[in-house]
Amino acid sequence: MVPLLLILSSSLLISSTSSAPVHSFIQCFTNQTNSPNLLYLPNTSYYNSVLRSSVQNQRFLLSPTSSKPSLIVSATSASHVQATIICARASSLRLFTRSGGHDYEGMSYSAFKGPNSTPFITLDISTLRSVSIDTSLKIAWVQAGATLGELYYAIAQNTKTLAFPAGICSTVGVGGHLSGGGIGPLARKYGASVDNIVDAWLVDVNGRLLNRKTMGEDLFWAISGAGSAGYGVIIAFKVNLVAVPPIVTAFNVDKTLRQNATKVVARWQNLAHQIDVNLSIRVIAQADTDTDGSRTIHVTFNSFYLGRKKELLPLAQQSFPELGLKAADCIEMSWIESILFLYSGKRVPPEMLLDRNPEFNSSFKAASDFVKHPIAESGLEEIWKFMMEAKNEPLVLILDPMGGRMSEIKEDAVAFPHRNGNIYNVQYFMRWFETEEGVTEKHLEWMRKLHGFMAPYVSSKPRAAYYNYKDIDLGRNVEGKETSYLAARVWGTKYFKGNFRRLAKVKGRVDPDNFFWNEQSIPVLQGFGTLRELF
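Residue numbers (mature numbering (1 follows the signal peptide of the UniProt record, and there is no 0)): -19 to -1, 1 to 516.
What the hints contain is simulated information worked out from the structure, not anything from laboratory work. Because the structure is a prediction, the values reported are computed rather than measured. Where a beta carbon is used, it is the ideal one built from N, C-alpha and C, also for glycine. Some hints could be false.
Unchecked claim - Calculated lysine to any residue pairs in the SDA-like style (CA-CA distance at most 20 Å, straight line):
| id | residue 1 | residue 2 |
| --- | --- | --- |
| 1 | Lys119 | Pro227 |
| 2 | Lys291 | Val234 |
| 3 | Lys141 | Leu335 |
| 4 | Lys462 | Thr99 |
| 5 | Lys170 | Ser300 |
Stated by the list, open to error - What follows is a set of in silico ranges between Cβ atoms, one per label pair, in the way DEER data are often shown:
| id | residue 1 | residue 2 | range |
| --- | --- | --- | --- |
| 6 | Phe341 | Ile453 | 19 to 27 Å |
| 7 | Asn373 | Asn221 | 44 to 52 Å |
| 8 | Asn373 | Gly479 | 34 to 42 Å |
| 9 | Arg33 | Lys307 | 40 to 48 Å |
Produce the complete structure using the sequences and hints provided.
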């Protein structure tokens, strides 16, 4: 791909750009880097190609209330990131950073179009994707623009007995996923991704490249669970790798209502968080049509065991006989193959992990909750009824078990706070392919109804949510208005519970002018705050 800036001279391009802040940025960046070829302006085919290259949620490109970046910077080195931050500040431009493009509310490449909106730049770091593995020390350095798939593949190329605990969607960017928490099938054994980060390189608001020692423990703590978008731009993480056997076992067991799905899910709620930590069983539930044409709920128990099936079968039959696991259900494979199996439900070549292209040309919406007490069978039946009555609405519930190592780590050890007392996380998800605005609004309204309907069954005070499943309906910062700590607590304590205040204090110290702002970035809290802010 040849950027437009290689074709036109810098002066011609600047004169053709309508925004004075963008003119200023281009001049500043070119002077600092001598790399105008890294810049992409709207209304060119190259711009659209770069913008769409990792967009996972099309509705933010289609929505009349969303604005697109006035410029995209495709950084290929840390110095380009430093120059982008320095020049964006000098030019009074907002800056959003994109690694994998999976931000659930599109905040890395779009912004709400309001009366006080200012132009913004998207800093695309997807070319910063190198991975370095040291099997003797059991560590890896991974750049933030790499995907989980690229990290996993690099590990597997070096060893069959080490892994990294993170999610199963291979196109998710490392930068956002790790800094926001990182729940996956190894979490009950080894904790979340953030629990296995030991160092990082970050460019701060002043353009300085800092590691854990030079940024200080407070900032390192903050970017371990609260994302980095409000604090700086992550360049790379140093992570601990964890032990896995050369052969693991994966399986899917499907149940419908006629096959006692409700009773099996009810039993799952009581044991999945406290069963052997080598076994991770998640639940995927959605409305479907049964063989007789009636509406039903189709539940998949999507599972992974760190060991052979001869060890798994007696464990499952003793601990969870209601599941009815059979030897024929179990497939032995390597850890790297299990990642693809858990996501796709089938065995595919490991090289598929290297495919960065968006899997769907679609839109989606999600929300999340944490559940502390098992939902009674009668409650599950009410939830199934809601889902079955939502005809033509592609609602999916994904339940990920907690417990194990996740319950042993203190809530304030890192910024990610969802620890002891949670039995599972639930993600509400829907995907659609229609592009009409009215259809999109209808889907979004159904998601809001489902989230409201679930309130009696989930955590409260606060009703906790997972930051990586970002949900703008929880509350937002409004551009042009100073975001108070008190106002942001409405959504901030849902994501970060008792850690929110400390996060705001760190923000006040490292970014007092709130340059790294987005619609759900941590607000600035300086000093000790007012009495009203403290309580």
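Status of the hints after comparison with the structure:
1. Lys119 <-> Pro227: 16 Å, holds
2. Lys291 <-> Val234: 17 Å, holds
3. Lys141 <-> Leu335: 18 Å, holds
4. Lys462 <-> Thr99: 12 Å, holds
5. Lys170 <-> Ser300: Roughly 18 Å separates the two Cα atoms, so the pair holds.
6. Phe341 <-> Ile453: 19 to 27 Å: 21 Å, holds
7. Asn373 <-> Asn221: 44 to 52 Å: The hint (44 to 52 Å, Cβ to Cβ) holds, given that asparagine 373 and asparagine 221 are roughly 46 Å apart.
8. Asn373 <-> Gly479: 34 to 42 Å: With a Cβ separation near 41 Å, asparagine 373 and glycine 479 satisfy 34 to 42 Å, so the hint holds.
9. Arg33 <-> Lys307: 40 to 48 Å: At roughly 44 Å between Cβ atoms, lysine 307 and arginine 33 fall inside 40 to 48 Å, so the hint holds.
Consistency with the previously given hints is maintained throughout, with no hint failing.
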